[in-house]
Amino acid sequence: MLKDITIGQFFPGNSVVHRLDSRVKIIITIAFIVMLFLPNSFYGLGIGMVFVLGAFLLSRIPFKMMLKSLKPLIPILLFTGILNLFFISTGDVLFEWKLIKITTGGATTAAFMIIRIIGLIIGSSLLTYTTSPIALTDAIERLLSPLKKIKLPVHELAMMMTIALRFIPTLIEETDKIMSAQKARGADLETGSLIQRAKALVPILIPLFVSSFRRAEDLALAMECRCYHGGEGRTRLKQLKTAPRDYIALFVTAGFIALTVLADKML
Amino acid sequence: MAIIKTENLTYVYGEGTPFRKVAVDSVNLEIEEGEFVGVIGHTGSGKSTLIQHLNGLLKPTDGKVFIDGEQLWEDKKRLRDIRFKVGLVFQYPEYQLFEETVYKDIAFGPKNMGLSEDEIDRRIRETARMVGIREELFDKSPFELSGGQKRRVAIAGVMAMEPKVLILDEPASGLDPKGRDKILGQIREYHKEKKNTVLLVSHSMEDVAKHAGRILVMNKSKLYMYDTPVNVFAKADELSNMGLSVPQITRVFKRLSAMGVNVGEEVYTVYFAKDLTMKLLSNK
Amino acid sequence: MNSFLKAENLKFSYINNIEEPPVRTEVLKGVSLDIKKGEFVALLGHNGSGKSTLAKCFNAINIADEGKVYSCGFDASLEENLLPIRQRVGMVFQNPDNQIVATIVEEDVAFALENMGVEPSEIRRRVDEALKTVGMYEYKDHAPHKLSGGQKQRVAIAGILAMKPQVVLLDEPTAMLDPSGRAEVLKTIKMLKEEMGVTIVLITHYMEEAAQADRIVVIDSGNVVMDDVPKKVFAQVERMKELGLDVPQVTELVHHLRQQGVDLPCDIITEDECVKALYELLK
Numbered sequence: 001m002l003k004d005i006t007i008g009q010f011f012p013g014n015s016v017v018h019r020l021d022s023r024v025k026i027i028i029t030i031a032f033i034v035m036l037f038l039p040n041s042f043y044g045l046g047i048g049m050v051f052v053l054g055a056f057l058l059s060r061i062p063f064k065m066m067l068k069s070l071k072p073l074i075p076i077l078l079f080t081g082i083l084n085l086f087f088i089s090t091g092d093v094l095f096e097w098k099l100i101k102i103t104t105g106g107a108t109t110a111a112f113m114i115i116r117i118i119g120l121i122i123g124s125s126l127l128t129y130t131t132s133p134i135a136l137t138d139a140i141e142r143l144l145s146p147l148k149k150i151k152l153p154v155h156e157l158a159m160m161m162t163i164a165l166r167f168i169p170t171l172i173e174e175t176d177k178i179m180s181a182q183k184a185r186g187a188d189l190e191t192g193s194l195i196q197r198a199k200a201l202v203p204i205l206i207p208l209f210v211s212s213f214r215r216a217e218d219l220a221l222a223m224e225c226r227c228y229h230g231g232e233g234r235t236r237l238k239q240l241k242t243a244p245r246d247y248i249a250l251f252v253t254a255g256f257i258a259l260t261v262l263a264d265k266m267l
Numbered sequence: 001m002a003i004i005k006t007e008n009l010t011y012v013y014g015e016g017t018p019f020r021k022v023a024v025d026s027v028n029l030e031i032e033e034g035e036f037v038g039v040i041g042h043t044g045s046g047k048s049t050l051i052q053h054l055n056g057l058l059k060p061t062d063g064k065v066f067i068d069g070e071q072l073w074e075d076k077k078r079l080r081d082i083r084f085k086v087g088l089v090f091q092y093p094e095y096q097l098f099e100e101t102v103y104k105d106i107a108f109g110p111k112n113m114g115l116s117e118d119e120i121d122r123r124i125r126e127t128a129r130m131v132g133i134r135e136e137l138f139d140k141s142p143f144e145l146s147g148g149q150k151r152r153v154a155i156a157g158v159m160a161m162e163p164k165v166l167i168l169d170e171p172a173s174g175l176d177p178k179g180r181d182k183i184l185g186q187i188r189e190y191h192k193e194k195k196n197t198v199l200l201v202s203h204s205m206e207d208v209a210k211h212a213g214r215i216l217v218m219n220k221s222k223l224y225m226y227d228t229p230v231n232v233f234a235k236a237d238e239l240s241n242m243g244l245s246v247p248q249i250t251r252v253f254k255r256l257s258a259m260g261v262n263v264g265e266e267v268y269t270v271y272f273a274k275d276l277t278m279k280l281l282s283n284k
Numbered sequence: 001m002n003s004f005l006k007a008e009n010l011k012f013s014y015i016n017n018i019e020e021p022p023v024r025t026e027v028l029k030g031v032s033l034d035i036k037k038g039e040f041v042a043l044l045g046h047n048g049s050g051k052s053t054l055a056k057c058f059n060a061i062n063i064a065d066e067g068k069v070y071s072c073g074f075d076a077s078l079e080e081n082l083l084p085i086r087q088r089v090g091m092v093f094q095n096p097d098n099q100i101v102a103t104i105v106e107e108d109v110a111f112a113l114e115n116m117g118v119e120p121s122e123i124r125r126r127v128d129e130a131l132k133t134v135g136m137y138e139y140k141d142h143a144p145h146k147l148s149g150g151q152k153q154r155v156a157i158a159g160i161l162a163m164k165p166q167v168v169l170l171d172e173p174t175a176m177l178d179p180s181g182r183a184e185v186l187k188t189i190k191m192l193k194e195e196m197g198v199t200i201v202l203i204t205h206y207m208e209e210a211a212q213a214d215r216i217v218v219i220d221s222g223n224v225v226m227d228d229v230p231k232k233v234f235a236q237v238e239r240m241k242e243l244g245l246d247v248p249q250v251t252e253l254v255h256h257l258r259q260q261g262v263d264l265p266c267d268i269i270t271e272d273e274c275v276k277a278l279y280e281l282l283k
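Residue numbers (this note's numbering), protein chains in the order written: chain C, 1 to 267; chain A, 1 to 284; chain V, 1 to 283.
Only chain C is shown next, with the shape it has when bound in the complex:
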């Protein structure tokens, strides 16, 4: 079901990770991605994974949540794994049967890719689990604010992101409702050819569009009534302020990157 998706959800909390400045968290996440893709050895990769799992422990997000966010991606993981396993043929041959050939090179690359993707998912889920969507868009707005100079509408983009995040659950619920209503009128959504099924979506998509426009109109009015007039002169409830812990976090991250590079070179 659509409702079970946990990626992108926010779990309010009070851990160190939650309290980090959202800008710092974005930078650390980017640094972590570098950490995942830089090394060529399992040692380097292992250090990256230690880093992210450590952060996960600090965040006190239940481990189950992480597994849940990985679950829908298992097919992708398997696909990448198999692809790499069978189509890379460097190193010694481990196993051969008719056309299928598995080599040490293929196996290592497959393992590398899978670990990297898992790391990527854990890292990015950790960011969204511990950072409210608003803080996230806020941080993106501020990190991108130098781009205002080249006339990029940074505030407007961030506002749009916030509103989109706000209305995703509402629209999912609405889609569910419209689907039930049309099914009750005998709409057949489950059988038929691809074209028939695409056609069957019309009675769902049109009402959904109509209602989205209506909501957008209402929301614009409500925003105007609350004195919204663009980004100029706006203040924020939650100030982004860097605290010592943010510098410590950046420092630790830098250390881990250095460690990754070293491990890769030395071992």
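Incorrect hints may have been included.
As the list claims (entries may be wrong) - Once the Cα atoms are required to be at most 16 Å apart in a straight line, the calculated EDC-like pairs of lysine to aspartate or glutamate come out as:
#	chain 1	residue 1	chain 2	residue 2
1	C	K238	V	E122
2	A	K104	A	D118
3	A	K76	C	E190
4	A	K284	V	D214
5	C	K199	A	E238
6	A	K279	V	E119
7	V	K56	C	E217
8	A	K64	A	E30
9	V	K232	V	D214
10	A	K222	A	E238
11	A	K77	C	E190
12	A	K140	V	E19
13	C	K199	C	D188
14	A	K192	A	E33
15	C	K177	A	D169
16	C	K199	A	E99
17	V	K56	C	D218
18	V	K146	C	E173
19	A	K164	A	D75
20	A	K182	V	E242
21	V	K164	V	E119
Quick caveat, the hints were computed from the structure, so don't treat them as lab data.
Use these hints to put chains A and V onto chain C, whose structure you have.
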């Protein structure tokens, strides 16, 4: 024979997750053909979940649902046909309109049933008349109509499927008093003319009291009672405790009888209250 | 300066530009109305009577074609008064889902203050205060879509309250709620009036809600047709029904009994009054 029958109907949301909730808890129910039933219950009482089982939109976690003697979900291929026997009008049904014209939108349901053009045409004209949509409006886009008209077109779209049971979830919500009376009056006319079973889900006890011959009360996922209005409103205090708003007039007469006035009967409509007061006055 | 919201011969038309040539529909046809500080006014009228349009004239969303509108002393037709008016005259809408901007309750309540450029520490203080006022403080970290309708509506009211408005306009705030949600919202509205002295304009289709106002204004096809205390307005049962409106059940009962010649006062609009009068009659 009962047109709707449930045996031990149970539905659980989110089984195996921390959000697990029993939405409908072993409901046994028999509704006779031709009844006008008011369905009441607090938000979250399970009434919406219950009605979605009656036309197979939800599959029971446990228990059985029979429509017109036939068990739902026994043969999945029959589901769609049985579904045509139970028309379900959701809350704010105008949000489901999508066709270019009013005529085509009302035709959507009957067309899905595979009826002939002539039969579809007959049904559209008949139901449009019943809900007070003039034929001049047939070629208009449903999106050009007023709120009340949209609502009535959407209801006509389900009525035109001529279901043996018509279920309406809050058909009057959001309308002004005149619009409310109009739509509820039309539904009552439909019931009178077609002699079909009607289930009216409503938060307004006034509306339910005015129209229903029987009342079904859901409370905390269970069927609290299914009885005549007199017997249901006799439990006005219990209903209030469930967070339901008993008609103002019922509260007045409850208080009068608590003050020692011998009212004698349960009061739930203004007209009945008037007649009763006149009778009490003449007996003095 | 006693009058807080004032309309003088206000005319307003919607223009439909999709049609060719554009179609003009006159919605308000010369409304004059004077609402005083601290009043609780219920604005009634059937759908399409122009009551929402009127409300939107008071916070400068709609600008009068003819006539004058003054809100808290500001001329609503002047561009520079737009923001001062909207800070003082807050508006709550029917659909609770469509007026919540943020994904966290407290951040939504802060939205107006952020737009006004209020200092962060002051925003914090006022957000907390507003949430406490409507009884939603414990929910400040919640996601709005997980709240009940009544709770969402209270969050929307808090978002307006945080601006410290002098007037709150509510456009059918209870229409999409269940009875308990309606009771929650009405209780909040009455508290705003009684404890904080906020002027209230409530648009509603529920006559029991209107009966609790100080004054009822009835709009019909763009004109004010009735303007009096609830007792006087509801006493005209036939007239109200003609206008597509209703009266509380107790008022209707008393009306029918009076028609039968029973000696009862014509101005009964609450349950208590009705119980008392009938008790006198039947004891």
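So, going through the hints one by one against the coordinates:
At roughly 11 Å between alpha-carbon atoms, K238(C) and E122(V) fall within 16 Å of each other, so this suggested pair holds. For the given pair, K104(A) sits about 14 Å from D118(A) by alpha-carbon distance, which is consistent with the 16 Å threshold. Annotation: proposed proximity of K76(A) to E190(C) holds, straight-line Cα distance about 12 Å (limit 16 Å). For the hint pairing K284(A) with D214(V), the CA-to-CA distance comes to about 38 Å; that exceeds 16 Å, so the pair is violated.
With a C-alpha separation of about 50 Å, the suggested pairing of K199(C) with E238(A) is violated against the 16 Å cut-off. For the hint pairing K279(A) with E119(V), the CA-to-CA distance comes to about 68 Å; that exceeds 16 Å, so the pair is violated. A threshold of 16 Å between alpha carbons decides the hint, and for K56(V) with E217(C) the separation of about 14 Å falls inside it, so the pair holds. Distance hint between K64(A) and E30(A) is fulfilled; the C-alpha atoms sit about 12 Å from each other, no more than 16 Å.
For a cut-off of 16 Å, the pair hint linking K232(V) to D214(V) stands: about 11 Å separates their Cα positions. Pair hint K222(A) plus E238(A) holds up; C-alpha atoms about 14 Å apart against a cutoff of 16 Å. With a C-alpha separation of about 12 Å, the suggested pairing of K77(A) with E190(C) holds against the 16 Å cut-off. Using a Cα cut-off of 16 Å, the hinted pair K140(A) and E19(V) holds, with the two alpha carbons roughly 14 Å apart.
Between the alpha carbons of K199(C) and D188(C) the distance comes to roughly 10 Å, so the proposed pair stays at or under 16 Å and holds. Proposed proximity of K192(A) and E33(A) is supported: the alpha carbons are some 13 Å apart, at most 16 Å. The straight-line distance between the Cα atoms of K177(C) and D169(A) is roughly 13 Å, inside the 16 Å bound, and the hint therefore holds. The hinted pair formed by K199(C) and E99(A) meets the criterion: a straight-line CA distance of about 13 Å does not exceed 16 Å.
A hinted pair counts as satisfied when its Cα atoms are at most 16 Å apart, and K56(V) with D218(C) qualifies at roughly 13 Å. With a CA separation close to 11 Å, the supplied pair K146(V) and E173(C) stays within the 16 Å bound. Using a Cα cut-off of 16 Å, the hinted pair K164(A) and D75(A) is violated, with the two alpha carbons roughly 20 Å apart. Of the pairs offered as hints, the one joining K182(A) and E242(V) holds, with about 14 Å between alpha carbons and a cut-off of 16 Å not exceeded.
Only pairs whose Cα atoms come within 16 Å are accepted, and K164(V) paired with E119(V) is accepted, the gap being roughly 15 Å.
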